[in-house]
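Take a look at the letters that make up each chain.
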Amino acid sequence: MAPARDRRTGFSRRRQYGVFMGYVLAVAGAVVGLVLLVASTFNPPAFSALRMGVAGVTTPVSTGLATVGSSISGIPDAIGNYFFVKQENVALRADRERTRALLMRARTIAYDNRRLRSLLAIRERSTAPVVTARLVSSSASSGRRYALLNAGRWNGVLPGMPVRGPDGLIGRVVETGPNAARILLLSDGDSIVPVRRTRDGMPAIAAGRGDGMIDIRSVNATNVRFNAGDLFVTTGTGGIYAPGVPVARVTKAGSDSVMARAFADPDTLDFALVERMFMPVPPPRPVTEQ
Amino acid sequence: MSRARVVDSVDYKPFETKIPAGRSRAIPWATVMAGSLITIIPVVATIPLLPPFGFVMLLAWRLLARFAFKPWAAAPLGFFDDLVSGQPLGSAVLMWSLAFVAIDMIEQRLAFRDYWQDWLIAGGLIAACILVGRFIAVPVGAHVDTILIAQIAVTILMFPLAARIVAAIQNKRGAE
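Chains as they are written, first to last, in the working numbering: chain A, 1 to 290; chain B, 291 to 466.
Read the hints as simulated data drawn from the structure, not as lab findings. Among the hints, a few may not be true.
Covered stretches of chain A, as calculated for chain B (at least 3 residues, CB under 8 Å) [to be verified]: (1) 29–42; (2) 130–137.
Incomplete in silico selection of chain B near chain A, CB under 10 Å [claimed, not checked]: (3) T336; (4) I337; (5) P338; (6) F343; (7) S375; (8) G376; (9) L388; (10) F390; (11) V428; (12) V434; (13) T436; (14) I437; (15) L438; (16) A458; (17) R463.
We put the CB at the ideal spot given by N, CA and C, even for glycine.
Pulled out of the complex, with its shape left as it was, chain A reads as follows (with noise of 0.2 Å):
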């Protein structure tokens, strides 16, 4: 390619000081950028209005968008499901036989777990969800791990409400504009969750390690063993997030810290249950002056 033509500005002191000028912008881009992004480091929350203004834009694309694809991938699904209803009706009704036993026992279970639960007076707390939303898109081309819902404020989504799948932990939401939130993904390295293992109830704590696997570090103990298919629930230390919500399994079998797979893979996400904070942080008590 030829080099540029304008490279020499001539004796035009206007196109001089026009060209001079476009570099001192240029530079001053970078400055800003630096500037903005200092302020950003420092304070996270600073640009969330701005960036859930956008998002309110592009969520209900986003949300058009996965209407359109899942309902052009459901085709070759429907077309599968027209030939093998028959086999699949057959497979359910042996299945039904299989449960039936279960479930009457499960019945049992469940009404002798209510009525001790009534004696003890255990404080059970609403679980009823705030609202059931679709997570849209996410950050793909970045390093951190957030996902897009389509629902905020006006559904009544605030910063810091956690967010499940119907297998277990998405997330919690960070950020909320009028009709979007951004939620942070377990698996994102700032995400950090209590939980404890179901066989023995050791705590825990579930970190994101940004490549979709979150660590699983033991807390109060060293030389702890963990092994391949632990699973791990919330405890509700915290405050946030209710316990007995399922996070993750783990996957490779070590001590002290290990490698563990989200129950809710990200990939097959479809709905979101935003909940309350199981118990959020009491207001400050009112200073008394003297």
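Given chain A, put chain B in place with the hints provided.
Just chain B, lined up with the frame of chain A:
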């Protein structure tokens, strides 16, 4: 081959009507912003493998059509990219502005470039931008480095596509 096809295959069309000046100035901005909006595709990804296509478009415009952008255009475009990419606000403003300055410095030393050299320059800047962006956004201890290399490779391979888009639009834009 019919006569019409022969005439169509000639690139030099001096009397073809060009895009009017206002729209012609707006199109590069629109294409870069559309590239940034690649993050709105409805996928909830577990790994950061999507290329930052806005940056690739910006580099293609800057390297192939030098006067499409003023030298300061990188900052506002980077600001928009930060709003939709999930990176901390300011990282693209900084990196894209520095990329423009770097290209200017390269251009002073390397006046006659061919397409492969453009691709090489773009590749270097893409790798630098993604790497620095990783250390800005993610703690040093996070395990994203292998995926990052894959993302850099994918992004560098996107440059020819961006160059094609730029070339197609540049043919339609009027001479400046």
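Hints, verified against the model:
Against chain B, the region 29–42 of chain A contributes 12 residues with a C-beta closer than 8 Å to a partner C-beta. That satisfies the three-residue criterion, and the hint holds. Coverage of the region 130–137 of chain A by chain B holds. Counting CB-CB distances below 8 Å, 3 residues qualify, and the rule asks for three or more. At a threshold of 10 Å, the smallest CB-CB gap from B/T336 to chain A is about 3 Å, leaving the interface hint in force. Below 10 Å, beta-carbon pairs count as interface contacts, and B/I337 has one with chain A at about 5 Å; its hint therefore holds.
With its C-beta approaching chain A no nearer than about 5 Å, B/P338 sits inside the 10 Å limit, and its interface hint holds. Taking 10 Å as the C-beta cut-off, the interface hint given for B/F343 holds, the closest approach to chain A being about 8 Å. The restraint placing B/S375 at the interface with chain A holds, with a minimum CB-CB distance near 5 Å, inside the 10 Å limit. Of the supplied interface hints, the one on B/G376 holds, with its beta-carbon coming within about 3 Å of a beta-carbon of chain A, less than 10 Å.
With its C-beta approaching chain A no nearer than about 5 Å, B/L388 sits inside the 10 Å limit, and its interface hint holds. Given the 10 Å rule on beta carbons, the hint for B/F390 holds: about 6 Å separates it from the nearest Cβ of chain A. Taking 10 Å as the C-beta contact cut-off toward chain A, the hint placing B/V428 at the interface holds, the least distance being around 4 Å. Interface hint at B/V434: satisfied, since its Cβ lies 4 Å from the closest Cβ of chain A, which is below the 10 Å cut-off.
At about 8 Å, the closest approach between the beta carbon of B/T436 and any beta carbon in chain A falls short of 10 Å, and the interface hint on this residue holds. With its C-beta approaching chain A no nearer than about 6 Å, B/I437 sits inside the 10 Å limit, and its interface hint holds. The interface hint given for B/L438 is met, as the beta carbon of that residue sits about 7 Å from the closest beta carbon of chain A, less than 10 Å. Residue-level restraint check for B/A458 is violated (minimum Cβ-Cβ distance to chain A is 17 Å; threshold 10 Å).
A distance limit of 10 Å between C-beta atoms decides the matter here; for B/R463 the minimum to chain A is near 16 Å, and the interface restraint is violated.
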